[in-house]
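Each chain sits in its own coordinate frame; assemble them with the hints.
Chains as they are written, first to last, in this note's numbering: chain L, 1 to 372; chain U, 1 to 429.
None of the hints are false.
Derived pair list, reagent style DSS-like, types lysine-lysine, alpha-carbon separation capped at 30 Å:
1) U/K275 - L/K317
2) U/K275 - L/K22
3) U/K322 - L/K257
4) L/K318 - U/K133
5) U/K378 - L/K267
6) U/K245 - L/K315
7) U/K273 - L/K318
8) U/K4 - L/K71
9) L/K236 - L/K177
10) L/K22 - L/K163
11) U/K273 - L/K315
12) U/K322 - L/K317
13) U/K327 - L/K306
14) L/K267 - U/K356
15) U/K273 - L/K22
16) L/K257 - U/K378
17) L/K317 - U/K327
18) L/K318 - U/K327
19) L/K315 - U/K327
20) L/K78 - U/K4
21) U/K322 - L/K306
These are calculated hints, taken from the structure and not from any lab test.
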Amino acid sequence: MNALGIVFSNINDKQVPEITKKRIMASVPFGGRYRLIDFVLSNMTNSGINNIGIVTKRNYQNLMDHIGTGKAWDLARKRGGIRLLQSFPDDSEEVVQIDNRLETLKGIMYYLDKADEKYVVLSDCDIVCNISYSDMLKSHQENHADVTILYKKNQENATWKEKRPVFKLDKNERISKIERSTNIKISDALYLGTMIVQKEFLKKHISLAINKGYTRILDYWADHTDHFLVKGYEFKEYFAYIDSLESYLKSNLDLLKLSVREDLFRKPYRPIYTSVNDSAPTKYGPSAVVENSIIADGCIIDGTVKNSIIFRGVKIKKYATVSNSIVMQDCEIGINATLNHIVTDKNVQIGENRMLCGHETHPFYIEKGSRI
Amino acid sequence: MFRKKKCVAMLLAGGQGSRLHVLTKQIAKPAVHFGGKYRIIDFTLSNCINSGIDTVGVLTQYQPLELNDYIDNGEPWDLDRSHGGVHILPPYQQVKGGDWYKGTANAIYQNMNFIERYQPEYVIILSGDHIYKMDYNKMLEYHIEKDADCTIAVLSVPMEEASRFGIMNTYEDGRIYEFEEKPSNPKSNKASMGVYIFKKEALFRYLMEDEEDENSSKDFGKNVIPAMLYSGEKMFAYPFEGYWKDVGTLQSLWEGNMDLLGERPKLDLNDHKWKISYRHYPDHPHFIGNDASVTNSVIAEGCEIHGTVINSVLFSGVTVEKGAVIKDSVVMRNTFVSEGAIINYSIVDVGVYVGKDAKVGEDRGNGGQLTVLGSNVKVKDGTQISSGEIIDSNMYLKYIEKSHLKGLLKVIKSDDVIYSTRQEREAIE
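Same shape as in the complex, but just chain U (with noise of 0.2 Å):
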């Protein structure tokens, strides 16, 4: 028996965010890390149980494998239960056939049982990949009070950055009447926070309309609203002060790690009120050592740091050797900065190695854009990467020494730096 409830959530999480390049080459982009312990889908499931939403359905498809382990049973989210909790809703193949999941709208419509599994009068559809605390349940109040068949959650931009955004054109009562996917000249500044509270029975319905239509691409912001708004139905912007950050992009991925630092941080983790509950390793609280000077960062535990840290983001386990230096950087989980290294302006992903005196990035006074390095890369001793980089996972780097090496390595980028995978390294030495 499934106990009722009155709202269920659909979690979007099978995008690749191919935005994100190395990052997500091998992780879906809600698994990718966040602010010094979490990952992105720390904050949606969190934002869930918050509100009081206990049953979550997180539609997984493009490399699930690490996301499903970080989510499991859902118990760091007291996501763990016997009537609900967070299910992983992969494709699947059918009577009729299988089919991947085709897009947003066909991705839910193919789970419309699972969802009718526990009645609920209302859906929620989010997606995996913002950064916000929300009260869901507020905005739930919102939809219930106007007697929306369809409410999107919307966020008040800058006027000259509306046309990035797909932006809601509203009366004075809240009631949209039209919807712009990326104006040039937009007529509002509200843009759509990609939260949408639907009745099940008008979201059911129109998914299986889209579903008949041959040439929809079954995407929810661009055919499923639009058909809604065609046929007049009720739909209301709920707007949503706050902070609220889509990381689709390396850069826009880098400010909300800096979004953390500062004296008023613009983005507040040490909030009781709203705590988001993230996947817990093991690591004994970190270490900063005598010759050792953090300033104006955020250090997660299990780090060493014996060096510089300014303006950083610093994941669990990270350790930074004496006279190293990090800087507007954002270093995630298990990477190992040797003496004298500089990382300046740049993201490096998990189980880095970064060897003595190698120099990454570039200073940002001085012109430098931002570099990226993929997970378990290995940086050698004395190399430079150059500012504006984006190094792919498991990558070798060196100085080319031996001109005899040259023709095992797979690319070669810019002049002096080298790309090998690692595997080809060891069969090298």
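If we strip away everything but chain L, and leave its shape as in the complex, we get (with noise of 0.2 Å):
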């Protein structure tokens, strides 16, 4: 495929705090083994994109130790494979805070000026899908559009934190308006985060945009949709945002159902990938109980687990009971203890006998490394 990817691997980090408190929103773990950058990284190797830009702000010394080389991804390669990229907006010494998309892109021109491919797809790391790229570079090209837009019709009424654009599209799927709100409502083409455009093209509009104090890159696509061609590519299949920790829960707790498996895990030629290390399959004990649950490689199973993703290394001793919450990596979970809605970050131990709940609406989040 001859285009490029562009990754944004801390937009929106703000939305969730809890979680992105210690990493960005890139490494945030996801349904049992996968981080969230596997979906976007998977999807463009899949594609057949093999020149990843990583674009980074924040401290990403977690998202460098999960990407190592880019070999889990097949991109540690000579020629392109996985770089990671800091925008620094001009050459002066002091370090300025780059905090728009726009900005940004204008930091790493001496990367897009540097590939060869002539396509970029742009993509933020807060999304969670199984996509061909190529399908919607075809019909990128096919349309002999400037810009296409991913979006996905609204199955039902949602109410996000922050305001998300909203397009407006006429027949031949070419957007007419961009408009943000916070209510969604059926049937409304959602903005998926992912855009593909020529390079040339936005490199020149980068300049352009920024020049006239635009800090969006789809404001200035939205104010100029008479001037350029901007297509909408509807994406059908499973979707989804994080953008609280109540999304973060539920969309884990969404691949309980197997058509979303199926959707994300199961396309054929398109696995998603994520690092390797190594555990062992995970053993269950002759008083384990478990229905309705995800559970990743090397934990230990001696209690009940229902309606949960459990992910990597985790230890539930018996009697304890864990429902409809998320477990990271190497957690414990002592004799007789009780979970309930929660979300346990990495390496939490519950004690003995702690009983802990929290809402479907307002999970109970658990800090790294906390002892309860």
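Right, dumping it as structure tokens:
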């Protein structure tokens, strides 16, 4: 695929302050063994994008640990492969914080200049889906579009914490208007944080947009829908936005549905890759009771697990009960402890007989490394 | 330039493992699946890297394709090195003609040039068909301390089983004075584990001598070790304590897998100090459904469990539909078990399809025997596979329904089961 991938690793970090306190959005754990960036990277490598730049801003140590050389995604390459990009606005010695996407893109112009690819796929990291960008690029080329933006027709009325872009489309899938709203109604075309543009076109318009005082690239496209051919590309399969702890819990628990697992993980030739750590397969003891749960490798389960997502290396002791919860890597749930609607971050230890309870709409979050 | 190494490992992985029957029909024994995620060779390769041995020659001969693919550049074991690393060593043609590996000793003899490149003082000979976690470095230290020409790792086995092994008879200081292969009246219970450390110089000398001897069967156990003993070389037994299992037979392979189960499993794979590495497949974490019941089992990633799993080891990507029961069994990668099917006391190889309400094997409690389904076998709905059967790969099994099909089908083994390959089946339908 003749395209370059640009991944924004900490867009919207602030929306889930709990889990992004010690990590950036890209390295938020998801679905038992993944981190959010795995989906974007796997989609790109499965679509044949071999040259990927990950734009970083905040402390990205945990992201580097996760990605390593990019081997897990078959992206440890001499030509192309994964590159972490720091965005500096100019050559001055002061460190200037960049907080908008246009400035960020301007800061990585050196990377765009150097690449030979004709197109650029831009994607955020707060999304979970399994998509073929090659199909999207094909539609972009066939329509001779200037910009192709991914959207999904909303299935149900939803309320978001922050304003979300919503498109008005004409019959030919041409975007005529972009609005922002927190309330999204059924069959509204919701922006999915992904777009394809021609590289030269993008480079030209980054500077123009900045000169005109824009901060958001989407606003710039929105105000110029008459001048440019901005097309929408509908995505019909499972898609999740992580914009709050509540939606984080919900989209994790979505994996308990077979249709969602099929959409995300069981696409032929499009597996989701992640870094590997040689964990042993999970062992269930004689007293284990497990219902409707996703369980990763390396766990030792002797207690009861219901409607939950259990990450790698978790130990659940005898008589303990975990329900409707997310238990992240290497946690230990003590004998006879009870967890309901809880999100425990990594390395949490829950002592014997503890009883913790949140609610579906207000899950209770336990910080990384806590002892309870 | 090759960097000098202290010790080079030579891993014998060419054996067929014919006692594993259908499981090794298309793959070499070291590539046989084990323990939910592993292959047998993972244990030896991980032992090497965990012991600080980073140069490993893997001698392949029998059905090497899948084994070669699996080892590849050695990256899962951190053996993808610029200096050393893992090397696959198949038999090859030379000026004076080429030959297959005629025995374990001949295999090493033919690859002396590989060892010589690294100019090691010591060579460790391993075999790729045992399940164990062992620090070879400790054994090497012992070997150096004793200034031995050859050190053989031994395991204390129950005296009544000693006649099944190669037994080392030693003095009190561990020096070996006699080696007996499967003695009827064993004098000791120190069984050879098939792990040898040699001084390179002594190894080369005896390999060359052995090669000259036309009557020799070119085997370490039968020829080289006895010859060294006869000449009075310093040979020591290194006592190993811990789990060790030869999974060379279907029964022992099944037992080895069962050793992972229980509250205190005999073989603990959750050992962070001695991780066993393996090649990964991109599978999602497994899912256990509402109607599922899973007890005392090991389950790998990518599984979808809606039925009952008891005392079993399930490899990645196994699907168990509602109402299906898997008990006391080892079920390998990508097997599909349909609704209502029962698998009891069996080993099921990769890619098998078990149809609705099919019944494979018989409960151990009812005197059932180990049943084995080879890779890609298809068992039709409602078919019963009696206990003790070993079904060949790619077979399509069903009751005889249409008599006119009979002529096309290959073997009729028992009264109600017919066997044919899948290609033949496709030709019929």
